[in-house]
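Novice: Sequence:
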Amino acid sequence: MDEIEDFEECYELGWTDGLPVVPPTNERVERMLGELSSRRDEVIAALPPAGGIATREKIAANAVMAGCLPEYLPVVEASVRAVADEGFWLDDMVTAVDPMAALVLVSGPIARALEMNGDAGALGSGSRANATIGRALNLCLRNIAGARPIRHSDERALDGSTIGHPGKYSYCYTENVDLSPWPELPVERGFAPEDSTVTVYAADVPLCIADMGRTEPELILRTIAESAAIPGTTNIFFRQDLWLVMAPEHANLISDAGWSKADVQQFLFERACVPRERLSERGLFGFMDDVMPPPWQDDAYSDEPISIVDAPGRVLITVAGAPYGGYTALCFGFGEIVIKKVEE
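Numbering-wise (this note's numbering), the sequence shown opens with residue 1 and increments by one.
Calculated from the structure, these hints are not laboratory results. Cβ atoms here follow ideal geometry from the backbone N, Cα and C, with glycine treated the same way. You may find that some hints are simply not true.
Unchecked claim - Listed next, with one range per pair, are the computed distances between beta-carbon atoms:
1. Gly87 <-> Gly232: 51 to 61 Å
2. Val22 <-> Gly126: 15 to 25 Å
3. Glu71 <-> Tyr169: 17 to 27 Å
4. Arg214 <-> Val22: 43 to 53 Å
5. Glu343 <-> Pro181: 28 to 38 Å
6. Thr25 <-> Ala257: 53 to 63 Å
7. Pro193 <-> Arg276: 14 to 24 Å
8. Gln266 <-> Glu27: 52 to 62 Å
Can you build the whole structure from these sequences, using the hints too?
Specialist: Written out as C-alpha cells, the structure reads:
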C-alpha cells in the first residue's frame with residue numbers, strides 16, 4: 001500500500017477531523033511512546049460519552065495522527081486526564097447543542113521547552129506545538145470519546161453541537177510570560193511557577209474586543225465588561241467561568257496603573273452585568289425553566305442586574321499575544337476549569 005492509500009484509509013476508517021493525518025503505523029507509534037513503550041497499555045482515562053478507554057498507546061496513536069513530536073506526548077496525556085475529570089463536564093460538552101470545544105492552556109517550563117506560542121497569533125496558526133497538541137486532544141475526543149458530529153450516516157457520532165466551531169480542530173496556547181505583568185493562571189490557582197501544567201476549559205469561539213488608543217484602565221475595562229454582558233450566552237444562565245485572553249498592551253496599561261488581577265476580576269464581576277428587564281421571561285433561551293430556574297426569577301435578585309459570573313474568581317485572566325494592539329478576547333463557556341500537572 002502506498003502513502004496516498006494510507007492517507008485515504010484513515011479517512012475511510014473515520015479517524016480524521018477532515019484534514020489529512022499522519023498514518024499511525026506501529027513504527028511511528030513506537031517512536032512516539034519512546035521509553036514509555038513498556039507502559040503502552042496503561043489506562044490514562046475513561047472518556048465519556050462513549051466511555052472509551054484512553055490507553056497510553058491510543059493517545060500516542062492520535063498524537064502521531066495529529067503530527068506531534070514525541071516530546072509533546074506528556075502534554076497530550078495531561079490534557080486527556082484533565083478533560084476526563086468530572087469537573088470538566090466532558091459528557092455535556094460533547095453531547096450538548098452548544099458549540100463548545102476544549103480550550104487548552106499549557107503553562108510552566110514545559111511550554112517554554114516546547115517553544116509554544118504565547119506571542120503574536122497565539123490562538124492562530126503557525127506553531128507546531130500549539131496546533132498539534134490541541135489537535136491530538138481533539139482526535140482523542142473524536143476517536144476514543146465518540147465526539148463526532150451527529151449525522152444520520154454515522155451511528156458512532158455523539159457530538160450534538162448544532163453549529164460547532166474551529167476550536168474542534170485545535171484550541172491550544174500558552175501565556176506570554178515575558179510580557180505579562182501577572183502570574184500565570186495556574187500559579188494564581190496555587191501551583192508553583194516551576195510546575196508544568198495544562199488547564200482545560202469548555203469554551204466557545206473567542207470574541208475579540210478592541211479598545212485602542214486609551215490608557216485609562218477603567219475605560220478599557222468598561223469596554224470589556226459591556227462587551228461581555230450578552231444575554232445570549234451560556235454564561236449568563238449558568239454564571240460560571242468566563243475566560244479572558246488579554247493582550248499585553250491591555251494587561252500592562254492596567255497593571256502599570258496599580259490594578260491587580262483581583263481588582264480586574266472584581267471590576268468585571270460588578271460591571272459585566274445584564275439588566276434584569278432584558279432577561280425576564282427568557283430562561284435558557286426559552287426552555288428548561290422548570291428544570292433549572294434562571295437566577296433572574298429568584299426574588300433575592302430583586303431589581304439588581306445579573307452578573308455573567310457568580311463570583312469575581314470566576315473571571316479567568318490569561319495574557320497572550322503580541323506587544324502591539326489593544327485587544328482582549330472573551331471566551332464564553334460552561335463548567336469549570338480543570339488543571340493537571342504534566343507528568344514528564
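Novice: All hints are to be evaluated individually against the structure, with a verdict given for each.
Specialist: A quick look at each hint next to the structure:
1. Roughly 25 Å separates the CB atoms of Gly87 and Gly232, a value that falls outside the hinted 51 to 61 Å.
2. Separation of Val22 from Gly126 is about 19 Å and conforms to the stated range, judged on CB atoms against 15 to 25 Å.
3. Under the hint 17 to 27 Å, the C-beta atoms of Glu71 and Tyr169, about 22 Å apart, fit the expected range.
4. Between Arg214 and Val22 the Cβ separation comes to about 47 Å, which falls inside the hinted range of 43 to 53 Å.
5. At about 30 Å, the CB distance of Glu343 to Pro181 agrees with the hint of 28 to 38 Å.
6. The given range of 53 to 63 Å is respected by Thr25 and Ala257, whose C-beta atoms sit roughly 56 Å from each other.
7. The hinted window of 14 to 24 Å between Pro193 and Arg276 is violated, with their beta carbons roughly 42 Å apart.
8. A C-beta distance of roughly 55 Å is found between Gln266 and Glu27, which places it inside the suggested range of 52 to 62 Å.
Of the numbered hints given earlier, the model fails hints 1, 7; all others are met.
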